[in-house]
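Listed below are the residues making up each chain.
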Amino acid sequence: MKKLIKIFFLLTKTSIQSMLTHQIGVITFLLGKILRFIFYFSFLFFLLEKTKFLAGYNFNQAIIFFLTFNLIDIISQMVFREVYRFRQQVISGSLDYYLTKPYPIFLKILFGGFDVLDLITLIPVLILTAYFVFQIPNLLLINIFLFFFLFINGLLISTGFHILVLSSAVLTSEVDHSIMIFRDLSRMGAISMDIYKEPLRSILTFVIPIGIMITYPAKALLNLLNLQSIFISFLISFFFLFFSLKLWNLALKKYQSVGN
Amino acid sequence: MKKYFLYFKICLYQYFIYRINFIFWRLRNFLNIIFLYFLWTSINKTNSFSYTQDQLVSYIFLINLLYAIILSTRTEEIPQLIISGEIMNIITKPISFFKLIITKEIVDKLVNIFFSLIEISLLIFIFQPNFYFQKNIFSLIIMIIFIFLAIILSFFIDLIISFLAFWSTETWAPRFIFYIVLSILSGSIFPLDILPSTIYQLLLLTPFPYFVYFPAKLFLTPTNYSIISHLFIVLIWILITFFLSFIMWKRGIKNYSFYGR
Chain D
1 MKKLIKIFFL
11 LTKTSIQSML
21 THQIGVITFL
31 LGKILRFIFY
41 FSFLFFLLEK
51 TKFLAGYNFN
61 QAIIFFLTFN
71 LIDIISQMVF
81 REVYRFRQQV
91 ISGSLDYYLT
101 KPYPIFLKIL
111 FGGFDVLDLI
121 TLIPVLILTA
131 YFVFQIPNLL
141 LINIFLFFFL
151 FINGLLISTG
161 FHILVLSSAV
171 LTSEVDHSIM
181 IFRDLSRMGA
191 ISMDIYKEPL
201 RSILTFVIPI
211 GIMITYPAKA
221 LLNLLNLQSI
231 FISFLISFFF
241 LFFSLKLWNL
251 ALKKYQSVGN
Chain R
261 MKKYFLYFKI
271 CLYQYFIYRI
281 NFIFWRLRNF
291 LNIIFLYFLW
301 TSINKTNSFS
311 YTQDQLVSYI
321 FLINLLYAII
331 LSTRTEEIPQ
341 LIISGEIMNI
351 ITKPISFFKL
361 IITKEIVDKL
371 VNIFFSLIEI
381 SLLIFIFQPN
391 FYFQKNIFSL
401 IIMIIFIFLA
411 IILSFFIDLI
421 ISFLAFWSTE
431 TWAPRFIFYI
441 VLSILSGSIF
451 PLDILPSTIY
461 QLLLLTPFPY
471 FVYFPAKLFL
481 TPTNYSIISH
491 LFIVLIWILI
501 TFFLSFIMWK
511 RGIKNYSFYG
521 R
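Going down the list, the protein sequences come from chains D and R. When you line the first sequence up against my numbering, it's residues 1 to 260, in that order. When you line the second sequence up against my numbering, it's residues 261 to 521, in that order.
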């Protein structure tokens, strides 16, 4: 374990050093991410100023959904940044090289590109989330605990999605759009699954578990989840992660090296 | 002309080489319309916007089509041509670089329009929304003029961003910023006039609202406001961006150097 942590930090250090060689790009990229957050936050603000309610939620509640989405989105990008570069590794044959390394392959292809830029954008979002969480009337400690556990659960689902993307890259060599489809699907949960009508709402919540990943932690915080839903959400995330790992193993069996 | 038509055909075939990639790309567009459709239909009908819900729904479908017509582009491939030196293979041949780029743009727009229409038709069939149709011919003609101007403006802005590659290898960064600003300020998520009046009036002085929002607005509301002043603003932006892209191309190609291949 100690060895794996050491390798992770070594890969992270390399990733940061590589990123810092593009200083103008880094600053612009960071500025872009901040701008995007400000724009969407302002949009929600102006929208709810006029409509008062969105899918039955007031401004503070809608913002909690939006901030939870941002937290999961930013952390996923921060931790799984290497997934965005995976296709190149498959088509160039570099994947063969990583497969022969004496450490788990996910350490390189899933966690090996820690993005420090996302860590910078994460801090203000965390502060803002804390501010809006403490605005919730009658907030109970149990809701904060549930939020925390469902948030971790959401990150596990996100891990499952990223493994699915890796698998699809091995099977089809086309990862660019599949990772962006995951981002688009996540964005569909940015406000709340309650904006969708059935059966789409259930599909997005339980089949493609975006709803459990993003909406459920926020719902737990707002005291809108029952015990049954919480139990189901943990069960679904377990099966989803299991399924994605199975698919990855299948993809590896089907993998035909490109060579370089 | 024959060689450009041949290039047109090659560009068209390229879309269908990587079929899964193509399907995923269209799926992204499809998901985007679904998200916006449900976002705007979830808003209570008694909102204080100047739009009815039918108009808002029409706006979502319309901006998708306008985005395909105006903002779809392949100019993001130009920086790679410049950085890799591949552009030399084109400009030393007896063909026009700009005619090739324009041909590629036409193909891209046609493909985008074709598939957007299919996706929109499919969603209309599924959701069966009520549509608002502009019956005023004058508004429709003005809208078409603004669409045409927006295509030109968007092309010159894309060229400016692409030509930055003559001086820097990091052109993806300004393009990233441009698309983020564009995604919100062009009105491709919401009608810009829901913003406070001062911000809205200031935005109308920038090129962004004229890409998607303004043509859509012309379709949805009668043109009882000053069209001439907006036409004037767009023409000024076209002139500025044209001269800037022209100067950048001239200076860039004059001092052009690239690493060996």
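These are calculated hints, taken from the structure and not from any lab test. Be careful, since some hints might not be right.
To be verified - Derived coverage of chain D by chain R (criterion: at least 3 residues anywhere in the stretch with Cβ under 8 Å from a Cβ of chain R; other residues may be distant):
#: 1; stretch: 30-40
#: 2; stretch: 86-93
#: 3; stretch: 144-154
#: 4; stretch: 179-190
Here a beta-carbon is modelled for each residue, glycine too, at the ideal position from N, C-alpha and C.
- prompt: Which of the numbered hints above does this structure break?
  reply: 2 and 3
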